[in-house]
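J.: Below, each chain spelled out in residue letters.
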Amino acid sequence: MPAEASASSGQGGAPALAHARGARRAAWTRAARPWLLLAPALAVLAVLLLWPLVRVVLLSFQNHGLRQINTGESDYTGLDNYREILGDPFLWKTVLPNTVFFAAACVFLTLLVGTLVALLLARLGRTWRVVCSTVIMMAWAMPAVTGTYVWIWIFDPLNGVVSGGLDAAGAIEPRETNWFTDRWSFYAIATLNVVHHGFPFVAVTLYAALLTIPRELPEAALMDGANAWQRFWRITVPTIRPVFAVVTILSTIWDFKVFAQVYLMPGGSGANPEVLNLGVWSYIQSFSRNEYGMGSAIAVLLTLLLLALTVGYVKALAGEGEEP
Amino acid sequence: MARSSGRGGVPPAGRRLVAASAVLALGAVTACGGDGGGDPDTLSLWIMEGTNPDAASYAAELGAAFEERTGVGLDVQFIQWADAHDRITTAMAGGELPDVAEIGTTWAPEFGAAGALADLAPRIEADGLGEDLLPGLYDAGTVDGATYGMPWYAGVRALLYRADVFAEHDLRPPTTWEELREVGLALREAEPEMIPFPVAGGSEYGLDPFIWGAGGEIAEPDGDGGWRATVNEPEAVEGIAFYTSLATEHGLSVAAAETWLETDQLESFQNGEAAMVINGNWTVTTLVESDPGWAERIGVVPIPGPEGGLSPSFVGGSLLGDFQSADPDLAWELISLMTQGEFAGRWAESSGYFPGRQSLVEEVRAAGEPLVAPFARQMLEAGASLPVTDRYGTIQGEQLLPRMLQSILSGEATVREAADEAAAAMDETFAG
Amino acid sequence: MNRTGPWRRLGLGTAVAALLAFTLFPVYWMVSSAFDPGADHRGAAVLPEGVTLDHFRHVLDEGDFGRYLVNSALVGLGTVLLAGLLALFAAVAVARFRFRMRTKVLVMVLIVQMVPLEALVIPLFLQMRDLRMLNSLLGLTVVYLAFSLPFAIWTLRGFVAAVPRELEEAAYLDGCGWWRMFRSVLLPLVAPGLVATSVFAFIVAWNEFVFAFVFLQDDGKYTAAVGLHRFFGQYSTDWGAVMAGSTLITLPVLLFFVAVQRRLSAGLAAGALR
Chain G
1 MPAEASASSG QGGAPALAHA RGARRAAWTR AARPWLLLAP ALAVLAVLLL WPLVRVVLLS
61 FQNHGLRQIN TGESDYTGLD NYREILGDPF LWKTVLPNTV FFAAACVFLT LLVGTLVALL
121 LARLGRTWRV VCSTVIMMAW AMPAVTGTYV WIWIFDPLNG VVSGGLDAAG AIEPRETNWF
181 TDRWSFYAIA TLNVVHHGFP FVAVTLYAAL LTIPRELPEA ALMDGANAWQ RFWRITVPTI
241 RPVFAVVTIL STIWDFKVFA QVYLMPGGSG ANPEVLNLGV WSYIQSFSRN EYGMGSAIAV
301 LLTLLLLALT VGYVKALAGE GEEP
Chain W
1 MARSSGRGGV PPAGRRLVAA SAVLALGAVT ACGGDGGGDP DTLSLWIMEG TNPDAASYAA
61 ELGAAFEERT GVGLDVQFIQ WADAHDRITT AMAGGELPDV AEIGTTWAPE FGAAGALADL
121 APRIEADGLG EDLLPGLYDA GTVDGATYGM PWYAGVRALL YRADVFAEHD LRPPTTWEEL
181 REVGLALREA EPEMIPFPVA GGSEYGLDPF IWGAGGEIAE PDGDGGWRAT VNEPEAVEGI
241 AFYTSLATEH GLSVAAAETW LETDQLESFQ NGEAAMVING NWTVTTLVES DPGWAERIGV
301 VPIPGPEGGL SPSFVGGSLL GDFQSADPDL AWELISLMTQ GEFAGRWAES SGYFPGRQSL
361 VEEVRAAGEP LVAPFARQML EAGASLPVTD RYGTIQGEQL LPRMLQSILS GEATVREAAD
421 EAAAAMDETF AG
Chain S
1 MNRTGPWRRL GLGTAVAALL AFTLFPVYWM VSSAFDPGAD HRGAAVLPEG VTLDHFRHVL
61 DEGDFGRYLV NSALVGLGTV LLAGLLALFA AVAVARFRFR MRTKVLVMVL IVQMVPLEAL
121 VIPLFLQMRD LRMLNSLLGL TVVYLAFSLP FAIWTLRGFV AAVPRELEEA AYLDGCGWWR
181 MFRSVLLPLV APGLVATSVF AFIVAWNEFV FAFVFLQDDG KYTAAVGLHR FFGQYSTDWG
241 AVMAGSTLIT LPVLLFFVAV QRRLSAGLAA GALR
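Protein chains in written order, with the UniProt record's numbering: chain G, 1 to 324; chain W, 1 to 432; chain S, 1 to 274.
A portion of the hints provided could be inaccurate.
To be verified - Derived pair list, reagent style SDA-like, types lysine to any residue, alpha-carbon separation capped at 25 Å:
| no. | chain 1 | residue 1 | chain 2 | residue 2 |
| --- | --- | --- | --- | --- |
| 1 | G | 315 | S | 31 |
| 2 | G | 93 | G | 259 |
| 3 | S | 104 | G | 244 |
| 4 | G | 93 | W | 428 |
| 5 | G | 315 | S | 73 |
| 6 | S | 104 | G | 50 |
| 7 | G | 93 | W | 420 |
| 8 | G | 315 | S | 46 |
| 9 | G | 315 | G | 304 |
| 10 | S | 104 | G | 30 |
| 11 | G | 315 | S | 106 |
| 12 | S | 104 | G | 241 |
| 13 | G | 315 | S | 108 |
| 14 | S | 104 | G | 31 |
| 15 | S | 104 | G | 248 |
| 16 | S | 104 | G | 55 |
| 17 | G | 93 | W | 410 |
| 18 | S | 104 | G | 254 |
| 19 | S | 104 | G | 301 |
| 20 | G | 315 | S | 104 |
| 21 | S | 104 | G | 57 |
| 22 | G | 93 | W | 411 |
| 23 | S | 104 | G | 36 |
| 24 | G | 315 | G | 233 |
| 25 | G | 93 | W | 429 |
| 26 | G | 315 | S | 98 |
| 27 | G | 93 | W | 427 |
| 28 | G | 93 | W | 163 |
| 29 | S | 104 | G | 309 |
| 30 | G | 315 | S | 61 |
| 31 | G | 93 | W | 413 |
Derived by calculation from the structure, the hints in this document are not laboratory data.
Based on the sequences and whatever the hints tell you, model everything.
T.: Okay, here's the thing in structure tokens:
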């Protein structure tokens with residue numbers, strides 16, 4: 001805080017004292033202004049998310065079943081829930097790899113498609129731009145539940161469009177095919193669903209960021225004789241980088257937490273344990289098995305995992321000299 | 001929501017008042033007050049949505065009748081089956097439960113053990129109702145002599161088949177397991193495009209009759225007040241083996257069905273693909289309503305036993321539970337009104353279910369309506385209930401039986417392995 | 001920047017076609033099933049059996065969807081306005097002021113997003129009960145505000161940071177006060193960011209289901225997403241109604257987007273004008 005440091009330096013005589021007092025008040029105002037601006041947003045987040053988050057953490061140290069839910073009693077069991085989860089090979093062999101690889105694939109593809117679409121939008125004429133952006137909004141606006149059921153239909157092993165096409169090509173025998181029982185094909189379909197629903201967010205946000213590039217910059221660069229590729233790396237990339245960083249962090253957070261798109265798939269609600277991810281596992285422990293303490297512990301672990309990733313990411317950004 | 005059950009620290013009346021004024025104030029701010037809720041002279045009732053097409057008018061008339069009888073209004077809210085369990089649990093956590101709610105049969109032991117439901121046994125006894133309540137449904141709500149749910153309406157699964165296809169190829173509905181397989185194989189020859197008998201991996205209710213029919217059980221009381229899994233004992237394994245062999249050995253099903261739920265299986269029947277399915281009496285109503293022509297095309301028989309007779313089938317349906325209402329007399333009054341006399345019969349009739357009273361179901365069986373009577377027979381002669389313990393709710397939540405089915409159907413495990421694994425997981429839950 | 005050679009045109013055309021195909025295919029299925037009289041047993045048919053408005057009629061009459069859409073619109077617009085305002089203030093604070101704990105605040109804002117929402121249902125329900133905000137659309141609006149703030153703050157922070165400081169300083173030199181500068185320099189330049197965050201906040205509020213269902217106990221106050229779930233029955237799903245309801249849910253978002261997307265080009269114009 002270099003500005004504040006210089007404020008209290010004036011000393012000596014009465015007028016100087018008054019001056020110093022005024023300067024201190026000014027400094028205080030200056031220091032308070034950001035907090036005043038932040039206050040409403042932070043208050044909402046603290047009351048509605050941070051405190052419930054603390055409750056989730058407290059629950060994770062308890063044995064909390066329906067009885068406790070009903071009576072409001074608490075039964076602290078220390079680290080038992082964590083011990084049980086972390087000692088379960090199911091976590092390490094199935095749930096964690098599912099969560100991480102699925103999220104990584106979704107984040108990568110969502111960002112890739114979203115960025116390409118944003119760049120495409122920036123190159124289109126007005127009419128096509130409006131058409132395309134409105135159409136991609138449909139993918140985003142479609143309720144996730146409906147979207148999931150539609151993708152399930154498209155990949156229906158017996159009657160779906162894809163299986164029909166492959167059958168006609170002689171590639172598969174529909175009556176003997178079921179993509180939902182296999183971990184890989186299950187997640188391939190879920191990935192397609194998540195990317196379809198998620199890329200418009202990236203595209204619209206990045207397109208908005210592209211619009212903040214002042215027009216003079218590319219023109220100036222053009223006069224410098226930079227080619228398209230150089231212009232892209234020198235001007236476009238630095239401008240959208242802060243927004244791109246945000247989009248990456250948030251996509252990562254969301255894709256680690258994917259729930260409905262897995263839970264609603266055939267076998268995704270527990271009948272096929274091979275395909276559980278952390279979000280679904282936490283839900284099943286809580287609401288299906290009535291072990292809310294255990295479910296909360298899984299949720300806390302997921303939060304810690306994301307926290308580690310995000311802090312790493314923010315540090316890397318800072319390392320690049322691009323202070324968050 | 002108005003007269004919630006008074007759990008939590010604040011005295012119910014005071015809290016109600018505060019909550020009501022808060023709701024009203026906020027409603028005014030958002031300019032969407034609606035009826036505001038919070039009227040202390042009402043009893044709240046949650047009913048599942050989608051079982052009854054006439055639910056709205058039923059609710060209105062029920063409310064009027066209840067008000068006439070007691071002078072207290074009725075606030076009926078419809079909630080969706082799929083999300084009802086979560087909603088009740090959350091409301092329980094917040095002390096915002098309704099006075100009375102419709103609950104699924106396996107929920108009664110769960111919520112009862114948690115202390116959220118009132119024991120209705122003394123009232124049932126006082127009113128002399130016990131004798132006539134439908135056994136399968138009554139048992140499902142009764143744990144250690146305490147009855148946590150009053151039977152409201154009942155459903156049961158039997159064997160639905162395509163009467164037109166059977167007639168065309170001169171086939172008869174099966175009366176033994178052997179015949180079920182034979183008729184399936186004949187259908188596979190005669191109608192190669194159809195699925196003779198889809199074995200849905202996501203539903204345990206199609207499997208249960210075969211476990212029970214072979215003389216097995218899913219779990220039994222262990223004699224010390226606990227339960228133990230018996231799903232891997234020889235009789236049960238025999239039933240599981242026969243049921244899954246229809247798909248794995250005899251090709252009467254398709255791979256897609258490994259992940260089907262009961263709804264998917266019904267859809268395949270509705271789309272004209274499946275020739276036989278095990279499904280509930282309510283589906284007949286749905287089918288005929290969507291296309292009256294179905295009445296000519298479906299046949300129903302009870303699920304055959306291995307050597308003849310009937311295999312038991314799960315009696316499902318709904319109970320009415322009193323969520324520790326602040327006014328238990330009024331809550332019982334409402335439950336009685338809904339489960340006896342005109343309102344009970346009316347709900348069953350328009351929803352396509354059976355009333356929860358034995359005598360009424362017997363009347364249905366005697367009437368002999370071809371698409372209804374076989375279900376009534378199944379229910380009266382071979383109705384069964386799942387293990388009545390709060391742990392079974394957990395086991396269902398975990399989907400242990402669908403998990404077992406899917407691993408057998410997809411060839412990941414043998415019947416023996418899968419059953420052993422399921423039994424081990426069940427015992428862990430029973431112990432836990 | 002539009003130099004259009006034939007290859008470039010072809011490339012763009014292919015890209016647009018691929019984009020539209022990928023995006024529209026599922027949407028097509030939703031919309032066509034909404035009009036299909038045989039939606040419940042459509043199976044593999046790519047074309048619907050015919051065209052009917054019955055599903056829409058059913059959804060609007062018996063499903064009471066009209067009222068739910070109004071509820072959703074109130075909640076959605078409330079969320080958008082509050083989120084835009086609060087996030088912009090916060091974004092200016094973190095992008096334009098240097099103060100102790102700045103990075104910590106930013107990370108904190110993200111952390112609250114990291115818990116799976118399903119795990120938050122019960123704690124948040126208890127919180128809302130204590131705040132006496134259950135069963136109110138305003139309460140729901142505040143919850144969605146909380147869900148959309150982290151993204152909005154972080155995104156707008158990027159947009160505010162991208163505005164060159166020299167522009168602000170030039171405004172001060174011209175004798176503008178902070179507020180004046182904010183209105184005539186900062187605001188137009190971050191408008192595209194505000195559009196993006198508004199769209200995001202609107203969709204969060206519009207499509208959320210779990211909290212709306214659990215918090216609203218009075219079925220007259222349900223939002224459209226909750227209304228949609230009415231058509232998923234225990235033993236069968238009314239696909240025609242589900243698809244018609246989904247189409248009705250999707251449409252207003254498009255209208256909202258078309259209404260605000262012009263601000264995207266307005267932002268461009270402002271950027272060019274300065």
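J.: Give a verdict on every hint.
T.: Outcome of the hint check:
no. : hint          : result
1   : G:315 - S:31  : 45 Å, violated
2   : G:93 - G:259  : 19 Å, holds
3   : S:104 - G:244 : 20 Å, holds
4   : G:93 - W:428  : 21 Å, holds
5   : G:315 - S:73  : 40 Å, violated
6   : S:104 - G:50  : 14 Å, holds
7   : G:93 - W:420  : 21 Å, holds
8   : G:315 - S:46  : 50 Å, violated
9   : G:315 - G:304 : 16 Å, holds
10  : S:104 - G:30  : 19 Å, holds
11  : G:315 - S:106 : 13 Å, holds
12  : S:104 - G:241 : 21 Å, holds
13  : G:315 - S:108 : 14 Å, holds
14  : S:104 - G:31  : 16 Å, holds
15  : S:104 - G:248 : 19 Å, holds
16  : S:104 - G:55  : 21 Å, holds
17  : G:93 - W:410  : 20 Å, holds
18  : S:104 - G:254 : 21 Å, holds
19  : S:104 - G:301 : 21 Å, holds
20  : G:315 - S:104 : 12 Å, holds
21  : S:104 - G:57  : 20 Å, holds
22  : G:93 - W:411  : 21 Å, holds
23  : S:104 - G:36  : 17 Å, holds
24  : G:315 - G:233 : 23 Å, holds
25  : G:93 - W:429  : 22 Å, holds
26  : G:315 - S:98  : 18 Å, holds
27  : G:93 - W:427  : 23 Å, holds
28  : G:93 - W:163  : 49 Å, violated
29  : S:104 - G:309 : 15 Å, holds
30  : G:315 - S:61  : 55 Å, violated
31  : G:93 - W:413  : 19 Å, holds
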